[in-house]
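J.: Chain B: place on chain A using the hints.
Sequence order for the protein chains is A and B.
The first sequence runs 74 to 485 under our numbering.
The second sequence runs 463 to 699 under our numbering.
Just so you know, not all the hints are guaranteed correct.
[As the list claims (entries may be wrong)] Capping the alpha-carbon separation at 30 Å, the derived lysine-lysine pairs in DSS-like fashion look like this:
id	chain 1	residue 1	chain 2	residue 2
1	A	LYS85	B	LYS546
2	B	LYS649	B	LYS675
3	B	LYS547	A	LYS472
4	B	LYS469	B	LYS677
5	B	LYS577	A	LYS398
6	A	LYS224	A	LYS206
7	B	LYS547	A	LYS398
8	A	LYS85	B	LYS492
9	B	LYS587	A	LYS81
10	B	LYS547	A	LYS77
Because the hints were derived from the structure by calculation, they are not lab data.
Note that the coordinates shown come from a computational prediction; the quantities given were computed from them, not determined experimentally.
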Amino acid sequence: MHFKYTAKTAFKGLSMNRMRSFLTLLGIVIGITAIILVMSLGQGAQNLILSQIQSMGPKVIAVAPGRQPKGITDMLSTFTDSLKEKDIEELKKKNNVPHLADIMPIVFGSQTAVYENNAYRPTILGVTGLFTKIYNIYPNQGRIFTDEEVKGYADVAIIGSKVKTQLFGNDDALGQRIKIKGKSFRIIGIFPKTGQVSFLNFDDIAIIPHTTAQQYIFGIKYFNRIVIEADSEENVNRTVEDIKITLRNNHNITDPSKDDFFVETQAEALKMVGAITGIFTLFLAAIAAISLFVGGIGIMNIMLVSVTERTREIGLRKALGATGKNILTQFLFEAVMLTTAGGVIGIILGLLLSFVISFVLGHYLALAWQFVIPVQAIILGLGVSTLIGLIFGIYPARKASRKSPIEALRYE
Amino acid sequence: MAIIEVKNLEKTYRDETETTALRGLNFSIKNGEFVSIVGPSGSGKSTLLHILGFLDRLTGGEYLFEGKSMNDYSDEELAQVRNKKMGFVFQAFNLLPRTTVLENVKLPLLYSAVKESLWNEIALKAIDSVGLSDRVDHESARLSGGEKQRVAIARALINDPSIIFADEPTGNLDSKSGGQVMEILEKLNQEGRTIILVTHESYTAEYANRLIKVKDGLVEFDGPIVKEHKQQNGFIK
Chain A
74 MHFKYTAKTA FKGLSMNRMR SFLTLLGIVI GITAIILVMS LGQGAQNLIL
124 SQIQSMGPKV IAVAPGRQPK GITDMLSTFT DSLKEKDIEE LKKKNNVPHL
174 ADIMPIVFGS QTAVYENNAY RPTILGVTGL FTKIYNIYPN QGRIFTDEEV
224 KGYADVAIIG SKVKTQLFGN DDALGQRIKI KGKSFRIIGI FPKTGQVSFL
274 NFDDIAIIPH TTAQQYIFGI KYFNRIVIEA DSEENVNRTV EDIKITLRNN
324 HNITDPSKDD FFVETQAEAL KMVGAITGIF TLFLAAIAAI SLFVGGIGIM
374 NIMLVSVTER TREIGLRKAL GATGKNILTQ FLFEAVMLTT AGGVIGIILG
424 LLLSFVISFV LGHYLALAWQ FVIPVQAIIL GLGVSTLIGL IFGIYPARKA
474 SRKSPIEALR YE
Chain B
463 MAIIEVKNLE KTYRDETETT ALRGLNFSIK NGEFVSIVGP SGSGKSTLLH
513 ILGFLDRLTG GEYLFEGKSM NDYSDEELAQ VRNKKMGFVF QAFNLLPRTT
563 VLENVKLPLL YSAVKESLWN EIALKAIDSV GLSDRVDHES ARLSGGEKQR
613 VAIARALIND PSIIFADEPT GNLDSKSGGQ VMEILEKLNQ EGRTIILVTH
663 ESYTAEYANR LIKVKDGLVE FDGPIVKEHK QQNGFIK
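Chain B extracted, bound-state conformation:
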């Protein structure tokens, strides 16, 4: 079943001038896929990810999430879907400063219906799954970049989302910690979660099974990534 379906998706920003970021995209993504969205800067790939992640509204066409059109959701409902079904990983980590790893990971629970007595247990489990159990009480600012991103992933996982959006998750990381982050994402995909990754680095893009190339607001290429090709390039250790 398609978790995501876009039909003629358009996005135009209207400030003083009109900027068209997306000019009619069509594709669908099935449950459990690992999709990389690539493209040069200004191609509209980030805009696309934001719309797919319910962070931004579309201005034309249609976007069906789990079969329901985004236009049928109120802002409050979008927030609820983001909280329950989606997880986000950003390039800039976006952790709260002067806040411990545990508190950062617990943040989405604050906006959920989960009982407060269960929060610590759930958060500790999520932190454990990214291998940071020994950093639980550290302040986020004192972590390395790779650790920060793993905290962000733990935070994204806390409400057990079916889909994870990652916007240039390795953009601020060295290749070693970038690799670790990608391996975690790959593992999450293997557990059955849908992963949508925006990147401009081809070696991270190739962790995915499918590649969508966006250029000038249009889909330029959409097809599978062949595993052999990945191994050939030596990206998988």
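Extracted from the complex, chain A is given alone in its bound form:
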């Protein structure tokens, strides 16, 4: 068989019904697009989440109030005010949590900040001076507040780059005073343009001492988070247990299933992210598989129609010396050409969409999202589309190859 001619013949066969061929392709196109999107975005998301989590470092342990609900009825009975100043004190004690290196409470919420006639609503974080160390991001102008300022309910703030622009434009912000919920704060530092780190948009925050935040801004006595850093990576698991025991003692809890807090490590977060992205990928892969299956049936259907329509052509080819194998090859080639074309279109479309989504996420949501060209997905997409052509093309092609030349020639 002459490959070039088979390809040419197949192309001709398909181009006779351009619209039909195109519509038939759609199922495959959608399926392959989905595969590429899933793999490209999935990988991008995973990279992003991993980088977010890893930016905190593996030694960081987070304690959150409430507990992980164990069922629907359990959802309501979560606690949000269970972490208090006394917990910090207990956790700081060497005999309670011996491997604790640093501890920082966090309170957060949204509040409007005002400077002269400008107003902007950043995320307000009440933290300590350790904030910059834990996130490994430092102000490029000014400084972070001191422990004394935290203890003294100081009215100082460090703002993100976007907050600075929104309130001050190009003017110098350092040393100026802004008002948050009626309270005046002095700007003592400005963060550089950073984007999203650990699920926090650094350009869009204002950090103040947690004491001030609790007292004057949020009016609460509890913390939204407690972040603890262990002295080494090996001691993280032990420290987690120490934290749990200390908090239970402090909260008079004997039954661990009644914990009013939960402790999370980076490793656990990573595991969870893996599980979530795994489910997400599986879900979309299932959609892709269904689409490809339906697309394949479409291909088979249209190939059967084509075989019937071209019965005379098949008869003629056979009369002129084509063997059953020749005819089989021709129709199989057409099916594969059709699905592979669908695959190529799907790959291009998938990459394009993925690129656009990456661009939007990176640009408008300030995520450190990277566009990933999933080479594996491209190879997989091509392989799958070719395979679908073979699988769903074989039956119509066999049917064509078995036509007797004379039956075929007589067909009107």
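T.: Leaving out everything else, chain B in the frame of chain A:
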């Protein structure tokens, strides 16, 4: 030497009912003969041509092509013989639509062992031999009926077959282009090729040297066509 020999050739179609198309035919055809097979419609003449042209299997008796029984050929081998040794011309032309004259004529080469680099040359020669050199790149649909049939003849000739089967080749043509087609067939016969023609028109049948009349699945008459008789009727210009 007999290129074709049939002994008690039978063909029965079995669908819901049993239809016997051929009930035991006997004849042989020598290399270089020009034979017309005639008969009323339903006589079995087309069925006979299809079997002789290896397009259909027989159900009884024997058919020897070049001394070898058809039953000894596999389907693949039949296809090869059709490709190399036989040429077909059909009433309905059976050209591929939206395909140029050149590509149509090249079609049998696709299933041959001929090197692809030689295809164009061979095809152009065949097209030239039917006088359509100026139509090489035309789409087949835009040709006249006579031209289409000449393309079909060029296609039939491309692998230099020893025998050409023509099934009502002038059936869809006016008498002038029909005449042209018949003259080409006559010329091919003069070059030494065996021609087997199925027709129901007596004036085309008489281009042949021999007439086989089929009726009700049997040979009713088998004998030579006298040249004088042809000229008398004015069919030869």
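J.: Hints broken by the structure, by number, lowest first?
T.: 8
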